[in-house]
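Engineer: Protein chains in written order, with numbering that gives the first Met the number 0: chain A, 0 to 414; chain B, 0 to 414.
For the record, the hints were derived by calculation from the structure and aren't laboratory data.
Hints may be right or wrong, so weigh each one.
Unchecked claim - Derived lysine to aspartate or glutamate pairs resembling DMTMM-like cross-links, with alpha carbons at most 25 angstroms apart:
hint	chain 1	residue 1	chain 2	residue 2
1	B	K47	A	E19
2	B	K125	A	D107
3	A	K122	B	D107
4	B	K125	A	D144
5	A	K51	B	E89
6	B	K51	A	D50
7	A	K125	B	D144
8	B	K51	A	D144
9	A	K47	B	D144
10	B	K122	A	D107
11	A	K282	A	D337
Number of protein chains: 2
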Amino acid sequence: MIDLPVKVKKYGGTSVGSVESIRSVAQDLASEHQQGIPQLVVVSAMAKTTDKLLGMALQITPRPRARELDMLLTTGEQVSIALLAMAVHELGTNAIALTGAQCGILTDGNFSRARIQNIATDKIYKLLEEDNIVIVAGFQGITSDQEITTLGRGGSDTTATALAAALKSPVCEIYTDVDGVFTASPRIVSDARLLEFIGYDEMLEFAASGSHVLHPRCVEIASKYDISLEVRSSFHHRPGTTVVREELLEKVAITGVTGDAEIARIALMRVKDIPGVAARISKTLADANVHIQLIIQGIRHDQTNDFSLIISQEDAQHSQEILQRVSKEVEAQEIQVDTHVARVSVIGSGVASNPGVAARMFQALADNEINIQLISSSEIRIACIILEDQLDSAIRALHEAFDLSNLERKQIPTT
Amino acid sequence: MIDLPVKVKKYGGTSVGSVESIRSVAQDLASEHQQGIPQLVVVSAMAKTTDKLLGMALQITPRPRARELDMLLTTGEQVSIALLAMAVHELGTNAIALTGAQCGILTDGNFSRARIQNIATDKIYKLLEEDNIVIVAGFQGITSDQEITTLGRGGSDTTATALAAALKSPVCEIYTDVDGVFTASPRIVSDARLLEFIGYDEMLEFAASGSHVLHPRCVEIASKYDISLEVRSSFHHRPGTTVVREELLEKVAITGVTGDAEIARIALMRVKDIPGVAARISKTLADANVHIQLIIQGIRHDQTNDFSLIISQEDAQHSQEILQRVSKEVEAQEIQVDTHVARVSVIGSGVASNPGVAARMFQALADNEINIQLISSSEIRIACIILEDQLDSAIRALHEAFDLSNLERKQIPTT
Chain A
0 MIDLPVKVKK
10 YGGTSVGSVE
20 SIRSVAQDLA
30 SEHQQGIPQL
40 VVVSAMAKTT
50 DKLLGMALQI
60 TPRPRARELD
70 MLLTTGEQVS
80 IALLAMAVHE
90 LGTNAIALTG
100 AQCGILTDGN
110 FSRARIQNIA
120 TDKIYKLLEE
130 DNIVIVAGFQ
140 GITSDQEITT
150 LGRGGSDTTA
160 TALAAALKSP
170 VCEIYTDVDG
180 VFTASPRIVS
190 DARLLEFIGY
200 DEMLEFAASG
210 SHVLHPRCVE
220 IASKYDISLE
230 VRSSFHHRPG
240 TTVVREELLE
250 KVAITGVTGD
260 AEIARIALMR
270 VKDIPGVAAR
280 ISKTLADANV
290 HIQLIIQGIR
300 HDQTNDFSLI
310 ISQEDAQHSQ
320 EILQRVSKEV
330 EAQEIQVDTH
340 VARVSVIGSG
350 VASNPGVAAR
360 MFQALADNEI
370 NIQLISSSEI
380 RIACIILEDQ
390 LDSAIRALHE
400 AFDLSNLERK
410 QIPTT
Chain B
0 MIDLPVKVKK
10 YGGTSVGSVE
20 SIRSVAQDLA
30 SEHQQGIPQL
40 VVVSAMAKTT
50 DKLLGMALQI
60 TPRPRARELD
70 MLLTTGEQVS
80 IALLAMAVHE
90 LGTNAIALTG
100 AQCGILTDGN
110 FSRARIQNIA
120 TDKIYKLLEE
130 DNIVIVAGFQ
140 GITSDQEITT
150 LGRGGSDTTA
160 TALAAALKSP
170 VCEIYTDVDG
180 VFTASPRIVS
190 DARLLEFIGY
200 DEMLEFAASG
210 SHVLHPRCVE
220 IASKYDISLE
230 VRSSFHHRPG
240 TTVVREELLE
250 KVAITGVTGD
260 AEIARIALMR
270 VKDIPGVAAR
280 ISKTLADANV
290 HIQLIIQGIR
300 HDQTNDFSLI
310 ISQEDAQHSQ
320 EILQRVSKEV
330 EAQEIQVDTH
340 VARVSVIGSG
350 VASNPGVAAR
360 MFQALADNEI
370 NIQLISSSEI
380 RIACIILEDQ
390 LDSAIRALHE
400 AFDLSNLERK
410 QIPTT
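Using the sequences plus the hints, can you model the full thing?
Structural biologist: Below, the structure is given as structure tokens:
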């Protein structure tokens, strides 16, 4: 039996991006192993590997089938777990590498965006009891028919959190190439502040709004199973950002500003105003696995409607083709696709309770002559669709308007 | 039900070495598919991939564990089957890629040199009946414990022949980067002749003696299940070499000359002459998975023996360390390792019945001032250990001495 809770860690592609990085990760693992801490480590593909593999596929066919693409891409993680295990062995420490299939990560059959259905933990516990560091390939799973699946981009985060949940670990450490979650991207805002803490829901909105630090599905799982996520750099030992329940944190109006340029706006113009049209459009795209981030219906005077859909840029061409096909059915007069748009969002658990937030946001954008095309808001987020080339200046304007470089976010003291 | 026998093909690393080569293989497959021929295709890793992966492992540790090495190397074939399937899809033809595990290639647990124990054919037949070209990763298998194994270098040939046996196919086509099997390596002998036919046993000796065209285990399986192997180039459509039962072929004394520089000679000097010493040495090396190609014991006058072992060069260092450890036990005075040796062999079903063959061989070597260190012979082969830097001239001398550039090998007419 293992006495301590299993420490679950995830290392991203840059953290294992070279032989030197792999060695350095192995050092960290071996040194914690010597302290008697049982560890399960999820690893991504080495940096750039996934893109390289994808590039080979695209040289062969512009639209590879998802099944074979998953089979291709999963080799990336299989390479990194084998190499990391070897590096740990080289330090005289026991380690065993497991593919998704070997680790018993059972998923549904939706290639390229599969969801984990079950994780068998017997084998993991057995290997941990035998004093192994267990190293698991992220991003991948297997169906009950032995088909190899992937969980979608960033899926290694999901693998790690799902394993933490299965092993009832209270914490999952996510090692990456950034120091943690910032009030805005430090590439854009030079005085962006590292957040010591952030709530699950806020983090979800960060992830859904263009921050690539964590995968949304991973945050959902962490929230559901109450797992603290510790996001930190693998290149030094300073603390990063801890993602916990909002209730544990002092309230602040706005936690951060995010931008996403990887979106596209599809407009269906002058759609006949008959019941069920919005549903028909949504269902058609959903059936094609396109996630609609936002749908806005404006009413015209001539008994037709204009629909605006915000989707990810990579789905744009595919969606346009699909909508072209159903345009007759829904009597749309025209379909426009605009990829030169971006979304800027302010996020914070105080958005709903502070009506002044929206006003301050719009004013700051207006002051910088940034035109707002569409607005959407939720309990903890206000998002504006703007021109893509104004995104960076919008982020800087909002970061300043909400004085985020002086943000202090603390845990509520538990006494 | 499938009416025709399944055509089993194997493509080597060079045949799928680039996007262009993969496309060209896909063309050939699709065109046979259109003729209604059910096809199962075994694919190696893209040329240089295995070496690249191995290189990464060796950067991390000089002696990677076999389990993790197999996990690493098998990704190479997984990449090529995915890409080849995509290339076939692109031509509008059905194809499905299967890893060794998915194809049900069950092996024992000897990592890096596993042996196939069973192949489940139900899934293959089902996929073929659904009009798919079935594309299988060569070289790899899975144990009943879900451990990923490899069959050793060149193992894709073995995968293909084992699948042909399981599917009761009378023929297995091996596509490679050479035109077939020659009387000697055309790189060394400019007028070497392409053999239209060769017998299994001769082919086995070719494979065991340094010809890398076919993997020995593959020839064994072909012989056992009476499968004709057709070795041919994937770069044109000319016929290559067909490997069949010796009884179907007209007898010739010598079929070819092969050389192998990748050997090492280990000498154990002045081993005390007590019973069981040879057995003890053999067993120790066998336990370490070292294959002894030749063991020769010479008697000295002082009641000690000298043992000479011929092994592959890659096993040399490992074997020396092992023998160092047991040298006390067997009372060896000295262990010498020489990697500057090579083996030259003449092969042919007429060796045993033509006593003149040996004499002609030794004379040809003597005429060229090539000193023979050791000799071994079998029914269909005579091999001499010589200095490595004399190997090429030895091959040329023997090819000429046996007039192999004028060799005609025919099937016995069946009337």
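Engineer: Would you mind marking each hint as holding or not holding in the structure?
Structural biologist: Here is what the structure says about each hint:
1. Distance check on the hinted pair: B/K47 and A/E19 sit about 23 angstroms apart at the alpha-carbon level, within 25 angstroms; holds.
2. Using a Cα cut-off of 25 angstroms, the hinted pair B/K125 and A/D107 holds, with the two alpha carbons roughly 22 angstroms apart.
3. As the CA atoms of A/K122 and B/D107 are separated by approximately 20 angstroms, the hinted pair is consistent with the 25 angstroms bound.
4. For the proposed pair B/K125 and A/D144, the alpha carbon gap of about 14 angstroms is at most 25 angstroms, so the pair holds.
5. Between A/K51 and B/E89, the direct Cα distance comes to roughly 20 angstroms. Compliance with the 25 angstroms bound is thereby established for this hinted pair.
6. Simply put, B/K51 and A/D50 have alpha-carbon atoms about 18 angstroms apart, close enough for the 25 angstroms limit, and the pair holds.
7. Our distance criterion of 25 angstroms between C-alpha atoms is met by A/K125 and B/D144, whose separation comes to about 14 angstroms.
8. For the hint pairing B/K51 with A/D144, the CA-to-CA distance comes to about 32 angstroms; that exceeds 25 angstroms, so the pair is violated.
9. Of the pairs offered as hints, the one joining A/K47 and B/D144 is violated, with about 32 angstroms between alpha carbons and a cut-off of 25 angstroms exceeded.
10. With a C-alpha separation of about 20 angstroms, the suggested pairing of B/K122 with A/D107 holds against the 25 angstroms cut-off.
11. A distance of roughly 21 angstroms separates the Cα atoms of A/K282 and A/D337; the hinted pair therefore holds under the 25 angstroms criterion.
Hint check: violations occur at hints 8 and 9; the rest are consistent with the structure.
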